[in-house]
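Asks: Sequence lines, in order, name chains A and B.
Position one of the first sequence corresponds to residue 1 (the numbering used here), numbered consecutively onward.
Position one of the second sequence corresponds to residue 1001 (the numbering used here), numbered consecutively onward.
Simulated from the structure, these hints should not be mistaken for lab results.
Among the hints, a few may not be true.
Straight line, CA to CA, 25 Å or less: simulated PhoX-like cross-link-like pairs of lysine-lysine [stated by the list, open to error]: (1) B:1050 <-> A:124; (2) B:1351 <-> A:375; (3) A:200 <-> B:1206; (4) B:1233 <-> B:1206; (5) A:23 <-> B:1050.
Not close to chain B: a few residues of chain A, all C-beta gaps over 12 Å, as computed [as the list claims (entries may be wrong)]: (6) 61; (7) 101; (8) 231.
Glycine included, each C-beta is placed from N, C-alpha and C at the ideal position.
These are the residues of each chain, in order.
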Amino acid sequence: MKFITLVDNLRRAVNLAERITGKNLTLPVLNNILLATNKNELHILATDLELGIELSVGGKIEKEGQAVIPAKTFAEFLNALTEEKITLEEEKQSLKVQSGNYNINFQGINPEDFPIIPEVKTDKYIEIDKNVFHEAISQVLPSIGYIATKPELNGIYFHLDKDALKLVGTDSFRLAEKIITSENFKTNIKNPLEMIVPLKTMQEVARISQEGPEDMTTIIIYPDINQVQFLFKNNNEIRLVSRLINGNFPEYSSIIPTTSEIKISLIKKDLAEAVRVAGLFCGKINDIKFTIKANQKKLIIEAQDPSRGKSQNSLPLKLMQGGNLEISFNYRFVLDGLNSLKDEEVVISLNKESNPGLFQGGKDNSFVYVLMPIKI
Amino acid sequence: MNSKDLWKAALGEIQLNISKANFLTWFKDTFIIEQKGDTVSLGVPSNFAKDWLNNKYHKTILQALNHLDPNIVKVEYIVTEGNSALEKIKKARSSRKKIKEEPILEQQLNFQELTIDPETNLNPRYTFETFIVGSNNELAHAAALAVTENLGSKYNPLFIYGGVGLGKTHLLQAIGNKVKKENKKLKIKYASSEKFIDELVKAIGKQNMDTFKAAFRNVDLLLIDDVQFIAGKDKTQEELFHTFNNLYEKNKQIVFTSDRPPKAIPSIEERLRSRFEGGMIADIGYPDFETRLAILQAKVQAAHVNIDDKILRYIAEVIPKNIRELEGALNRVIARSRLQDTPLTLEESKKILTAIINNMHQFIPLKDVLNKVASFYDLSQEELINHSRKKELVKPRQVAMYLLREELKYSYTNIAEKLGHRDHTTVIHACKKIEMEINKNPIFNQEITLIKEMLYNQ
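Model the full structure from these sequences, guided by the hints.
Replies: Here you go:
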């Protein structure tokens, strides 16, 4: 194999691939990436056996072939490089790299040992604008954690029907639901569809949307049995294949409160700032207290810690329905919710101090965030 | 040779031909699904494994199988459900991490809907391991354990009764969780009687009684919580009666809980009452001091905090009746101790708890007593006060007098005045009579305790 390309293009692709490589596994080959020529491109493949990625980089091929080399070292080398062009040449399972005055030799392994990234053979697809999809998943991702006993919660739940694509995530303390209405995507899937895509896969999809080439404006999702493929499209492609999580996502709709005794609204930016400041003084369990004073139309935010002191802030409310209430939340969870809301105004619906709070945008009703309080 | 042994033997051969790392990665969690004629279907954990085995090791696998059974000439690979090796590693790792985070998670409330098993309705939090046994609940605990070991055959039905916040639901759910853990195939259903009523009403409304019947009759273990609430609901009682008979005939286990013994549940049909009494009846009483202290110590340990034993003794002393209140008081102390750096002193905790304790000696208005007594005996308040001498009115009236005297410390004349301008000697007679009855008749004693509980736990 002999291949010449621009360092910038190669660096971007290798960095994205390197993140997928497996760590702490019995199979050392997973710490490597596969470089293979294919027509006029170089294909870069990496996998941790749950998730596989295939990226292509344009360049000039002088000789066909392939090589498997350690991902981390190669990525770090490319990140240090300031040259413009780079030549890769495979020789007896090692990769000779020439760029500027550098002459490097990466010790590789037999390409035969590199795992095969499964092909997804389905014509069912959902085609969606990259930015729309990226915004949606970044709204849902912060609500997902890792719960060992509940694998079905460790991913984003997709639910497609004729009206909308719903994305849901929860770590059992909070839940985020995003609704993408059908005018925002194209699909040939007629029947309702549901699947749970692992957290790591969705994080990578978000990262590629952000860090991948800007001219990739469309994502095509191919749901298959046991697996799903995300295809980022332009001249070059990025293909991401992931297993799906087996299991049934819980009937979550009963979690989203439909009635509320108390409803308040205020400027999101102000609330986020007050919560952030209170967070500096929160107790060991990240608790801050919301006190709603109905007659003063005010929300008071307090936090206290024996070694750091205490803070108090009161914010005027635009809307005030219902009576007084004292309720405590984890300030990080509140911030996650506020950051996910894409609206200037936040509407919070509450019931009792041990019932969940519902956070919504003032105008945008495509996203809801439900948060359980802390019991003091 | 069955397929399990066949695959084991084949793996033994395959192992010799490939490296250990490759073997562990690709052959872990594989098994033979079925062998049909000349074809073996191999279950593999992921698409990665499927492609890899098919492309790289197909020959090795086929050779190994063919060697053991010359009929086999084809191998297929099928991705099956189940967790991959990586997930298991992650699981093991994170379960270690989780223990540390526990105390934080306990205060951060979570969505109950997600903790509760959707199929059985059980909350995995309630287990026998966390149930603290004392002299007050020994019998109920032993009976519950016996039920899990002899499902449907030893005590059927088991009827557990006891006051508010003493652990009935805990015990009931523990039975379900233990049975579930030991045999995943058994069908278990837990429902509060409220839920039972709810589903029945829904089924009637939607006219699909068959689904309702299937849901409650197609189980190996039925757990009904707070069964006293079916009092006065005829259709529910009828349906429960039939459900009961259906399960009982099939030797399926049924467990009920209630806040009072079957005899004391008002307005239920006699045939249902006799069914409740047909198996084993066990009560849960108030925990004694030692048990209360043991509960507190267990809670403190689970919360990973340091609370002086003196404080725990104090809490156990001042809150004698309700375990839920006991935990509430402890939670306050724990919350406070997290807020400060120095260990909490006894004096400080007394101060924190004054609010709770004062609340317990709450003032109960006269009309509450009348109200509770009337509703307990299913009467109206007027009936309680009027001058009728019907037997079913006289006793409740005397109970009301007794409670006003004992709990509210009203004078005899005052009570006589308030309950329909009677003579004060009538009241003295009533109190004496009730007192005697309490000493003589344990079931009546239970009734009085229950009414008292209703008064204080509102």
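Asks: Now look at each hint and say whether the structure bears it out.
Replies: For each hint, the structure was consulted:
Distance check on the hinted pair: residue 1050 of chain B and residue 124 of chain A sit about 22 Å apart at the alpha-carbon level, within 25 Å; holds. Our distance criterion of 25 Å between C-alpha atoms is met by residue 1351 of chain B and residue 375 of chain A, whose separation comes to about 20 Å. Note on residue 200 of chain A and residue 1206 of chain B: the hinted pairing is violated, with a Cα-Cα distance of about 43 Å set against a maximum of 25 Å. For the hint linking residue 1233 of chain B to residue 1206 of chain B, the alpha-carbon distance of about 19 Å falls within 25 Å, and the restraint holds.
Using a Cα cut-off of 25 Å, the hinted pair residue 23 of chain A and residue 1050 of chain B holds, with the two alpha carbons roughly 21 Å apart. At roughly 25 Å, the least C-beta separation between residue 61 of chain A and chain B is larger than 12 Å, which holds for a residue marked as non-interface. The non-interface label for residue 101 of chain A is consistent with chain B: the shortest C-beta to C-beta separation is roughly 38 Å, beyond 12 Å. With a least CB separation of 16 Å from chain B, residue 231 of chain A remains clear of the 12 Å interface cut-off, as annotated.
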